[in-house]
Each structure stands twice: as C-alpha cells, then as structure tokens.
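Residue numbers (this note's numbering): 408 to 655.
Think of the hints as simulated: they come from the structure by calculation, not from any bench. There could be a bad hint or two in this list.
Stated by the list, open to error - Label pairs and their calculated CB-CB ranges:
id: 1; residue 1: 494; residue 2: 569; range: 33 to 43 Å
id: 2; residue 1: 470; residue 2: 441; range: 23 to 33 Å
id: 3; residue 1: 557; residue 2: 430; range: 28 to 38 Å
id: 4; residue 1: 409; residue 2: 486; range: 17 to 27 Å
id: 5; residue 1: 603; residue 2: 447; range: 19 to 29 Å
id: 6; residue 1: 604; residue 2: 409; range: 43 to 53 Å
id: 7; residue 1: 494; residue 2: 438; range: 25 to 35 Å
id: 8; residue 1: 515; residue 2: 441; range: 57 to 67 Å
Ideal Cβ positions, reconstructed from N, Cα and C, are used throughout, including at glycine.
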Amino acid sequence: MEWSIQEIAKKAGTTSRTLRHYGELGLLEPSRTGSNGYRYYGQDALVRLQRILLLRELGLGLPAIARVLDGQQDTAAALRGHLRLLEQERERIGRLIVSVRTTLHKTATGEELMAEDVLDGFDHTRYEEEVTQRWGRDAYEKGDRWWRSLSEEERQGFKDQHEGIARDWGRVAAAGLAAGSDEAQAVARRHCDWLSVTVEPTRSYVIGVTAMYVDDARFAAAYDQYGEGTAVLVRDAMKVYAERHLTD
Numbered sequence: 408m409e410w411s412i413q414e415i416a417k418k419a420g421t422t423s424r425t426l427r428h429y430g431e432l433g434l435l436e437p438s439r440t441g442s443n444g445y446r447y448y449g450q451d452a453l454v455r456l457q458r459i460l461l462l463r464e465l466g467l468g469l470p471a472i473a474r475v476l477d478g479q480q481d482t483a484a485a486l487r488g489h490l491r492l493l494e495q496e497r498e499r500i501g502r503l504i505v506s507v508r509t510t511l512h513k514t515a516t517g518e519e520l521m522a523e524d525v526l527d528g529f530d531h532t533r534y535e536e537e538v539t540q541r542w543g544r545d546a547y548e549k550g551d552r553w554w555r556s557l558s559e560e561e562r563q564g565f566k567d568q569h570e571g572i573a574r575d576w577g578r579v580a581a582a583g584l585a586a587g588s589d590e591a592q593a594v595a596r597r598h599c600d601w602l603s604v605t606v607e608p609t610r611s612y613v614i615g616v617t618a619m620y621v622d623d624a625r626f627a628a629a630y631d632q633y634g635e636g637t638a639v640l641v642r643d644a645m646k647v648y649a650e651r652h653l654t655d
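Make the full structure from the sequences, and use the hints.
Here you go:
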C-alpha cells in the first residue's frame, strides 16, 4: 500500500511542502515518483515519517534528527525507545488531568486545596529536586548558574557534544564491545570530560550519575534511541572508567 504526498501530509497534520523539504534534506525519500512527478510513500517511508515526527515532538531539530536516524539501524529498538517516552508523557498528562479535575471539584465544593494535588504533574522542577537530593543544593545552584551564563550558541554546542558522545556509545554497543574495551573506555573518557564542564567528577559522582541512565526510564530511553542496550553499556563502562581513573 502507498499514499500520495497530499494524503500523507493530511494524515500527518503537516504540508506537502514540509515533506518535500524533508526529502531535500535526505530525511524522508519517497518510495517512488510517478510519471506525473507526484511523490508516493510506502510502508517503510511511513514508519520513517513517524520516527521523524516523534523526534520533533521531543524537541530535536532537523540536523539532530538526521544524525539520530543515521545512527539507528534497528527500527524496532528505536520505536521501543520512543514508546517508553510517550508512555511517560501519557502518565504525566494523566496526572495533570486528575489534578485539574480535583481543583475544579474542590473549588466548587469549597474544600481546602492541597498543594500536592493542585501541582501534581507539573514537572518543571523535577531535575532541581533530583540534583538537590542526590548532591546537595550547592551542586544544583552551581550548575544552574553555569547554564544560565551560556549563550544559545554555547548551549547548543554543549548539547551537540553530548549527542556525538551518545551516538558513539550506540556504535560501541552495536559492535558488541565490552564495557572495559579500549573503544568503550575511549568514549568513557570523553563522556567524563563532558561531565567535568559543570562539576569536578569524583568516582562516586560519575558512578551515581551514570547509574541513573539505566534506573531512570527517561535517561534510558534517551540513550537507547541510539541502539538497544546503549544505556546499560554507558553505565557499566563509566563505572569501569571511574574505578580506574577517579578518586573520591
């Protein structure tokens, strides 16, 4: 089965112009082009478009999306990562719905409002709380000041650097290399240098932070989008690196 560019654009809630732009960037090639010059998209193109739209929902720009798609050969594993993120967002939205319903009900009946009910689901402070609980208020404030001091270009450069590291982790995982291998440890060194921009990395800090990459589904999905098992490799390889080279 295949669809014309107009049909696909309508179903995706986008425009034919956008799909043609994706084609020009090499993101989404049509399955075939008819003698009339119309573009047609088959099953594989449909799945690839879904992945592009999902990554756009996560806030990635088109250049970043291209790099992610190029680094992911296992479509099923990538979609499982997307699915985990969507399920987490569904849970958050569900909590927001319950929160608003509770507020409406208590406001109508004159019941006392509880902050934990009214604000449940608003997660804009969740990283602040996590960092403060794990490493202290000073660690959060230091990192926050550093981030606010950066220009947009510097922030993007920091993100791009991490994306390159994550992509290389995916390649190491796809090659089936061990956490203690020279290749994995070379990426671990770069990852540790990246972490050191905001904090002096100690052994316990690096082991604790990278354990979150597996324990926290948000981080696990972010790394596993580069290949299933990437998050586990990062955690294990960083633990090896920390034990070999860092002190507390």
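Right, here's what the structure says about each hint:
1. A C-beta distance of roughly 24 Å is found between residue 494 and residue 569, which places it outside the suggested range of 33 to 43 Å.
2. A hinted range of 23 to 33 Å holds for the C-beta pair residue 470 and residue 441, which are about 30 Å apart.
3. At about 34 Å, the beta-carbon gap between residue 557 and residue 430 stays in the expected band of 28 to 38 Å.
4. Our hint of 17 to 27 Å for residue 409 and residue 486 holds, since their Cβ atoms are close to 21 Å apart.
5. Remark: the range hint 19 to 29 Å for residue 603 to residue 447 is contradicted by a beta-carbon distance near 50 Å.
6. The hinted window of 43 to 53 Å between residue 604 and residue 409 holds, with their beta carbons roughly 48 Å apart.
7. About 30 Å separates the C-beta atoms of residue 494 and residue 438, a value consistent with the hinted range of 25 to 35 Å.
8. Distance hint check: the CB atoms of residue 515 and residue 441 are about 59 Å apart, consistent with the given range 57 to 67 Å.
Going through the hint list in order, the structure does not satisfy hints 1, 5.
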